[in-house]
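There are 2 protein chains.
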Amino acid sequence: MKILTTIEELQEVRKEISSSVGFIPTMGALHDGHISLIKKARAENDIVIVSIFVNPTQFLPGEDLDKYPRRDEADKKICQMCKVDYLFMPKITTMYEKEEVLIKAPNRSYVLEGETRPGHFDGVLQVVLKLFNLVKPTNAYFGKKDAQQLSLIIQMVKNLFLDINIIACDIVRESDGLAMSSRNVYLTPEQRSEALKISKSLRKAGELVGKKQLNVETIKATMKEVMSGLDIEYIAVVNRNFEELTQVELSNTIILVVARFGNTRLLDNLWL
Amino acid sequence: MKILTTIEELQEVRKEISSSVGFIPTMGALHDGHISLIKKARAENDIVIVSIFVNPTQFLPGEDLDKYPRRDEADKKICQMCKVDYLFMPKITTMYEKEEVLIKAPNRSYVLEGETRPGHFDGVLQVVLKLFNLVKPTNAYFGKKDAQQLSLIIQMVKNLFLDINIIACDIVRESDGLAMSSRNVYLTPEQRSEALKISKSLRKAGELVGKKQLNVETIKATMKEVMSGLDIEYIAVVNRNFEELTQVELSNTIILVVARFGNTRLLDNLWL
Numbered sequence: 030m031k032i033l034t035t036i037e038e039l040q041e042v043r044k045e046i047s048s049s050v051g052f053i054p055t056m057g058a059l060h061d062g063h064i065s066l067i068k069k070a071r072a073e074n075d076i077v078i079v080s081i082f083v084n085p086t087q088f089l090p091g092e093d094l095d096k097y098p099r100r101d102e103a104d105k106k107i108c109q110m111c112k113v114d115y116l117f118m119p120k121i122t123t124m125y126e127k128e129e130v131l132i133k134a135p136n137r138s139y140v141l142e143g144e145t146r147p148g149h150f151d152g153v154l155q156v157v158l159k160l161f162n163l164v165k166p167t168n169a170y171f172g173k174k175d176a177q178q179l180s181l182i183i184q185m186v187k188n189l190f191l192d193i194n195i196i197a198c199d200i201v202r203e204s205d206g207l208a209m210s211s212r213n214v215y216l217t218p219e220q221r222s223e224a225l226k227i228s229k230s231l232r233k234a235g236e237l238v239g240k241k242q243l244n245v246e247t248i249k250a251t252m253k254e255v256m257s258g259l260d261i262e263y264i265a266v267v268n269r270n271f272e273e274l275t276q277v278e279l280s281n282t283i284i285l286v287v288a289r290f291g292n293t294r295l296l297d298n299l300w301l
Numbered sequence: 030m031k032i033l034t035t036i037e038e039l040q041e042v043r044k045e046i047s048s049s050v051g052f053i054p055t056m057g058a059l060h061d062g063h064i065s066l067i068k069k070a071r072a073e074n075d076i077v078i079v080s081i082f083v084n085p086t087q088f089l090p091g092e093d094l095d096k097y098p099r100r101d102e103a104d105k106k107i108c109q110m111c112k113v114d115y116l117f118m119p120k121i122t123t124m125y126e127k128e129e130v131l132i133k134a135p136n137r138s139y140v141l142e143g144e145t146r147p148g149h150f151d152g153v154l155q156v157v158l159k160l161f162n163l164v165k166p167t168n169a170y171f172g173k174k175d176a177q178q179l180s181l182i183i184q185m186v187k188n189l190f191l192d193i194n195i196i197a198c199d200i201v202r203e204s205d206g207l208a209m210s211s212r213n214v215y216l217t218p219e220q221r222s223e224a225l226k227i228s229k230s231l232r233k234a235g236e237l238v239g240k241k242q243l244n245v246e247t248i249k250a251t252m253k254e255v256m257s258g259l260d261i262e263y264i265a266v267v268n269r270n271f272e273e274l275t276q277v278e279l280s281n282t283i284i285l286v287v288a289r290f291g292n293t294r295l296l297d298n299l300w301l
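Residue numbers (the working numbering), protein chains in the order written: chain X, 30 to 301; chain S, 30 to 301.
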């Protein structure tokens, strides 16, 4: 595995590749969720490129940019073990200039995650577009956990006519059901145990839908019951375009939950 | 020459090209200015692609979008004569969806042209980025006449790490000095004759600089004298980053003029 840090190195490497490239953009602190993306990319492409870049433009003032977990050495080892070909780890000044042409996500980026984090998705799309243009992947791998992010990246690829396949990958969970997240390390043991109610509420929602209970209010009420005692930020039932539904549409619905544990926000969701 | 109208046609064609591609994005109503770009592209690339698309997102409400000159049949003949390989003429609905990921030009897009046309350059960058992603040119050709546009496109290419050479081409003029523009057709014979004062004022400015007169106020005063009687919107002396100067910097200065003739705005400039 070769570690690249400059634009020039990456461009030079890319120029020599004529076969398929699988790309996994990350903010590091790699966990089994990332590893599942890397393994899928390894199986489906000749060359695998991973980027680790804690992107400042997607953090709002007061968010956890400085505190965001950084584990470069462990991450390098993980990538090496997963047979990554190239690991791109640029500096902030390598990726950004003082003045920038910006990307603006559409209005639906201001609901749900975007309501509490206005502008967050603009920053996500900007860094993803930059990385896409540098890496020129055949296939790019994203987890379904960041569902709204995934939906906006798919829209950007469509709007800007990017020649890239976006591969949506299933959420990877701890054995007890908690969705993997780099932010799980922030949890106290008590919070960690309480957090299980989130995935439990989604399993319950899935069961209800399985029994043909498609009414969104009923589903939400049951989920709230399961999550009693949690600081729920939102439960949302949306279609693939992130429009809220009153009735579940089979095979076009995502149920999303965010709950807060102190300053830590945990996301989870279920794609029906 | 093959005319393409859909994304699929263009992508299919592009996939088969492995040699150099020269690209000239236009809004049609082709004149000798465009022809000079096409000829340069023809001389420097294996394949030449021209696009004709009157891009709605760069027109502000109340501007001349509906009135903008359209001469498709004449334009096709010109491209054929210039040995263009592919002419891309998409519909608006081919290029845009209802909801869009948008491009936002940096702050300096709101001075000069952007002051009277706020948001204009956002639309320019958006369509240029879309076209770049579709055409994937080796070299893209732009006239120096739209100096601010050119400067912002160069910045976008840099910020977004696009692998495209932007070729800046000299302004083409009528034999009497008037800069070529699709909007010149709007001029009455009297306006047409008065408009000569614009290029004359720039020649005069060039002479002053040749005589080591680098004081911007003096140069502007002289230009105003030459353009007496004209409705001058602005005269600006800027560096390549479009920061206003008080003293001409040799080989890093652009002198810009905009004058109004009824509803028609004429631009001209001199790159020192």
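Hints may contain errors.
If several chains are the same, the list does not tell them apart, and a pair holds so long as it fits within one copy or across any two.
To be verified - 30 Å max Cα-Cα, derived BS3-like pairs, lysine-lysine:
1) Lys253 <-> Lys240
2) Lys69 <-> Lys240
3) Lys253 <-> Lys44
4) Lys69 <-> Lys120
Derived from the structure by calculation, the hints contain no laboratory data.
Source: prediction; values computed, not measured.
Taking the hints in turn, this is what the structure says about them:
no., hint, verdict
1, Lys253 <-> Lys240, "within (19 Å within a copy, 80 Å between copies)"
2, Lys69 <-> Lys240, "neither (33 Å within a copy, 67 Å between copies)"
3, Lys253 <-> Lys44, "neither (52 Å within a copy, 52 Å between copies)"
4, Lys69 <-> Lys120, "within (27 Å within a copy, 38 Å between copies)"
Consistency with the previously given hints fails for numbers 2 and 3, ordered from lowest to highest.
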